[in-house]
Amino acid sequence: MTRLAIAINLDRCTGCNTCAMACKMQNNVPMGMAWNRVLNEDCEFEVGVQGVYPNISRSHLPVACQHCENPACMRVCPTGATYKDEKGRVEIDYDKCIGCRMCMAACPYNARVFNWNEPVRDPDFNYGDKDVPVRPKGVAEKCTLCKERTDRGDEPMCVRCCLSKARVFGDLDDPESEISTVLRERNAGVLLEEQGTRPQVHYFN
Amino acid sequence: MGTSTKFKAVAGVLGALTVAGIAAWIYQLMNGLGVTGMNNGTSWGLYITCFMFFVGLSAGGLIVASSASVFHVAEYKKVALPAVILSTVCICCAGMFVLIDLGGIQRVWRIVTGPNPASPLFWDICVITLYLVINVVYLYFMKSKKPGAQDKVAIVSRFALPVAILVHSVTAWIFGLEMAKEGWYSAIMAPLFVVSAMDSGLALLLLSLMGLNKSGTFKVEKKLISNLAGLLAACIAVDGFFVGCEALTMAYPGAAGAEMLAIMATGATAPFFWFEIVVGVLVPFCILVFARNRARMGLVAAASVCVVVGVFFKRVWLLLTSFVVPNVAGAPGIISGSSSAAHAGGVDVWAITSSYAPTWVEITVAVGVVSLGVLAFMLLSKKLLSKAPQSVSAGEAAEGGIAAKAV
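Listed in order, the protein sequences are those of chains A and B. The first sequence runs 1 to 205 under my numbering. The second sequence runs 1 to 407 under my numbering.
Careful: at least some of the hints might be erroneous.
[Said to hold, decoys possible] Using 30 Å as the maximum straight-line C-alpha spacing, the simulated DSSO-like pairs for lysine-lysine come out as follows:
1. B/Lys181 with A/Lys84
2. A/Lys24 with B/Lys181
3. B/Lys181 with A/Lys87
Think of the hints as simulated: they come from the structure by calculation, not from any bench.
Assemble the whole structure, with the sequences as input and the hints as a guide.
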């Protein structure tokens, strides 16, 4: 078996949002939507800090689809449009999506975005990878773990573009892989463990 | 009763509202669900609220009708026919709201060709279809003049009662099985939905019976109305009890549930919550708990209106509270994705906490569906009730006439 995943080093993350932008370009994500976002934890403002000067800190949390082993979104999808593929990625078959948004209610991470309108792009053309399907209005979408790139043997675009090399991509089922080593040796965890979704995306520092 | 001018006028207005609703729906189909107030944070809104509400209204009517046969409650048999008509109309409205809410209705056949049996929405579609079929069969046998039709009514009612309870439980499970939403994930969801269905459905049945009585389409004894109002009082009490149980369980540990309750009690959905508790539960219960008040039709009608509106408000807070705060919090929050966001810039497209307000399109569509439902109920009751064997009601009418003369 293969279980492709990303592990993110939160100590290295500077909150620069390059991963979010790279994702948007690669995956042809329309305006007003994002598959990958970087949260400034415990802050009300993107530029905010925790604590009172001079005792302040700041921590960033990049959030996208967690590619769960027990995906809540897949369980509730009435048409099976959301599925777990042979490489352990959670994917959406846009031809089967009826736009009921059960998955959006079920995902604890708010990882999904919906095509509420005919997608708007600025600049006004499909700027994404040529292999990435263009989604119509009325379907849900989310991080595909760069299915098109990872199928070709490349890393996801967020991993490729991360300036501080905070992201590690690999196969959790390969004990020799860098990601497996990192998870074994470092203090790694998952988001909202109590939800029982068993995310494949891990965070470590 | 002939087709009076008043009937025509009301039907005309409802027809016009229906046409407006259809026009708004076509506008929504052309432009996408972005014309609604829904967004990535609050991904369900008025349509799903109305869906829950109408499934409930429907189940209430059928529970009364079928318990008449199942438990041999002779008095209720008289109102079984209008109750089943009401139930049929309401379940059709509920189904329409689900379909209207879909972003890709042109692919809806995928549910038939490749269903996911684990999805509560798939269960709901199955059970609603079954329920509609049972309603129609029920109506058919009740109107049938063939010998033995009444026995078949008794048989159908034995299926109708559990399916009526199931249809509302499954609707509850669409929400109650989602662990990600703190305010939904609760085993009390199904019982709460069933009892809300019974009180709002009964209240609507009472209002419809009074309306039919007034229009002269169908005669109902005051005693029966008072009797049903007593049952309504009991359902309201159970409803209030369940809400109380849930609120205490949420509040007590002072953890995530308490935060959710704070939004309900003092936050964005507080007006709906308190309206439901006061106007939807306390006021009608205090009215109907006294037998003297149950004999006064005006008070019964007022209490029924309170219950129906209160249960609608309950659907609002039940659905929307859980969308307000995302589980993984932090700035800038969730990207809205709505129409305005597609053209907005900077931080305007993000929201730390999610908010929602229906747009004119959603309201017009919802009003259209409700108008179509009322219109269908008026026409069906005119067609089915006036030709009903009226031995009882004819006698009553005569009595009424004598009483009128005496006065």
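Comparing the hints with the structure gives:
no., hint, verdict
1, B/Lys181 with A/Lys84, "23 Å, holds"
2, A/Lys24 with B/Lys181, "28 Å, holds"
3, B/Lys181 with A/Lys87, "29 Å, holds"
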